[in-house]
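The numbers in the sequence shown follow our numbering, run straight up by one, and end at 1038.
By construction, these hints were calculated from the structure, which means they are not laboratory data.
No incorrect hints appear here.
Using 20 angstroms as the maximum straight-line C-alpha spacing, the simulated EDC-like pairs for lysine to aspartate or glutamate come out as follows:
1) 613 x 340
2) 299 x 327
3) 574 x 558
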Amino acid sequence: MAALPADVKAELEGFLQEAADGEKMVKIVENILDYLKKKHLLWTVKLEPMLVGIHPCNRDGYGVNPQDVLDLIDSIVDVGFVKGKVHAVGVEVESDEVRRWNERLFASANGLLGQLQPEALKITSICGSHTNAALRLFRDQVAHNNELVTTGGRLSIEQLRLRDPAFGDAAADGLTWDVIAASVARDVPDILPLISRSGNTSLQRGEHELQVLRRIHATYTRMHSEGHQPAFANIKKSILASKPKCATSVPHMYTFCLKASGGAQGLHLKETEQFVRAHCPSSRQLGPELWQALGVDLKGHTSSAVACVRHALVKSAYLRQNVSVSDCRKLATNFEKVKEADELMLAVRAMLKEQVGDYLQIAGLVMALGSMDMCICGMVLSLKQKDEKQYRTVQAVAHDFCLVAQELLGLSLPLKWESFAEATAAPCAVAKASSSAPVMLELDEHGRVKNPVGLLTARGYELGSDVRRRVDKTVGKIQEVKNDFVYIMLSSGDIVKEPIDKILGNEWVVFKPKDDAHVLEDLSLYGPGTNPEHESFMMTALIATQLQKLGDQQVGTEKLALQTKPNKHLQALKDIPKGKLILVPTTSKIVHKASGQANFFEVETKWTMDAKKFFLCSSCILPKDDAKMKPLIVPFFFVTYTEDEEEANVKLHQMTAEKGSSIKFPVFKNTKKIAAGDLVQCYKAKESKAPPLHFSPSATKRSSGQVATFQVEDRKVIFYGKDEWCPNQKKIGDRTFFSFTKWCPQLTFMLTGKRLRLDSTRAEQSGSLNVPIIHKILEVRQEACDKAFVEAMKVDDASEDEDSPELVDVAVEGEEEKDGGSVYLKPREKAMPKAKRPPEPLEPPAKKVKPVPKGDPDKARGPAEDQAEEQAEDQGNGSKDRHDKDQGSKSRQGHGSKDREDKGSGSYGHDPHKAIEGHGTKTPSQGHGGGHEKMEDYGDWWEEDEEETEEPSSSSKGWSKDSTVGRKGRGAAGPFTRPAAKGYYVQPHFVDEHGARSRAQASEQHVQDLRTSLSAVHLMAKNMDRMASEKESPQEDI
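Given these sequences and hints, build the entire structure.
The structure is reproduced here in structure tokens:
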């Protein structure tokens, strides 16, 4: 068939891109079908059920669940069949591989899906598959337990037509299908799964958990092959697009899939799905709690996934429904047995792959494997199943499976575990006699017993059972039941006919005959040479003999002495030359184990009968006071180990007792001269007890390519006697500073030996370190801080060549001095937004302002000069200031404080220039408070990012060390740096309309000290809210 046109292919791929996020899936699929019909790539046809197969992409490759099909028949019979409710969509058969896939699917159902004729298939279904499979069962007359539509226990179209004519016609004639061209499936294969999931979204039949698990695996594998990062967050939306009922379990199913799916091919997942699909309906779910337990990491054994055992638990949970969360926790507690079982399951599958190839193609073999897995898992985790054969070893289960597999395949398989075979017990016989009470029999219209076979079976008389007559002990075997008679074959070969009422009347009883004689003809198969335990005993005896011979070659022991207390040490009494000391591990304890221990020494042999090894362990007994145990000292086992290779003087070597022997023993030989008094030591590298750390980046750093690392920090610890204390500390340069208080519990306990008590009733016995030394430490620290602060204030401002920003940081100290204090401003490197209009220059104050020295325009006056000037000023105006202070506190209305003097503008005729002068001179006529007139907010200073408060002090206004102030509408701003006695000093910087500092304006005549009081600072903050409007209005020059 010809390929799709390029425009059609592009359009279909556009639909796929639109549906990639999982939204509006049903609508998009309807648009796809309409488009295909428009392009004549979809047509409608009515087909008989036998001509329709199932497409491999149906339900993400899960196909059709036989149990769901049987349940669907019951559902339709109950509610009725409506032809219009079935939306059947199929696709032309693309290749022979599709027919082979259908053959395998029908074979795995064990006849529950009816018979298939692969060559008769015309189309394969992607929607309506379960409905068509239900119609097939009527054509094939499959066994069913619904008596309304069956005859003799099998489905009947005639009975169906009597019950539901529409359903009967559909079973005979088939459904009407929308058939998609095969070229669409070949060129745009992703269209078909999308249409299939759309049908699942409509919920014609629900999705099985294993179907969703298959989708998780397929999506992960596809994204990984495309080079994407297949994290759960990336694939969650596409997985849940069909709204499955198991949505809450999907995160835990994702974890399980990563651990135990069976690689990129998903072999374990396919096998489990094939087994479960044939036995469980889609409605059976495990739930999020059990899925979480199935996918959890095994504590201490995270490197081993034990995937086969996990899948065995899934099979048991679906089929037997006997698995709980606590059973899953046993995977970690019984890990050694679980690991052994998992390796055995893998070995069985490896043997099948070697002998058969793709064993998943043989449905019967998959069913037998599932039964073996559940049996082994039940043994390891104690999940008992009623009427199941009880084995002593898991290897015996594997052997029985091999016997069953031989019957299924008709091949001779290697019986690797034949030595573990266990006799199969006969079915339990009816031990006690049946009750002789009268039985009520149900008769038909002819007076005969209804269902005699079922009645006899219910009483224990099954076909083939051995029976014995009570009267004369005649024995026989039930052959058949016919016309109310039971035919019994006697031991003589004759057949007798007994009425069924005699059987039910307990004249005959079921018994267990004695086992026939079992003769072993070829005894060579069971000789000593084939028994691992006997051969292990013989090998142990041979090792002991060779070890005794090697002990005769031991030399140098007469020059050794053993220290027993306080530590056991082997030391030299005399000098021992190099190579003149040979220590042999003579012992009577030779063990045969799978793995050794720290004090075991392995013996090299050619043992191959199992995976175990031979080890030597010490049997030494030191001399004691009592004479019950005879002492035995072998110097070999007292050699100590060192991590210093230079200190080591002996080394392990492998030696044979005689030439040509295959058994090699470990012996110690000295590699250098051992001086008298030296310890006999062997080098042993230090083993890290903790597992290595594997650093993994965080989610955010992983996406940016950065790697998260640990930061190692050195800390100082204070030791006092046997106690130690690690205080809070910070390292600056090469000095370390400690932070502690007299209420520190750790310090208190270390110094006093008593715990700190902070309850109110024990104030006197609190135990705190409330001692004079604490106060002295605080005083010394304060002095050091003050000194450092003074030194820091001597640092010059930045050079005039640097552009000064408009915004600066503010630092305020001495907040308790609410009536005064000087601060100096230092620029902060942060540019303000560009001014909307050219800024107005700041004029220097008219009075009492000392100019900056010539030649150093950027240097502000220091606090010493300010304090001297203000002291002189206070001497002449002190009395007048006090009078103003009393009057000003009463007349103020523009500020919210009652405690302090207003020293700024206080009238409608406010002049900012005069106000600032008043702050420096304290002249009453130029200060605040001129009568009871209401104050107007004419100030042009504002604070950055601070809310207005009512308290007119630096602390209440939020003016702190790190506050920022600026003059509204002008290009000057600066930080507070330090308080002085009177007012606040401001060092302005001038900027142009672009926010840049002008060098010409930085000349001597422009760079002056501006002084303003705390009241003016308060007024600056109050006018923040009016900043926007005042930017557009003319400003008065200061």
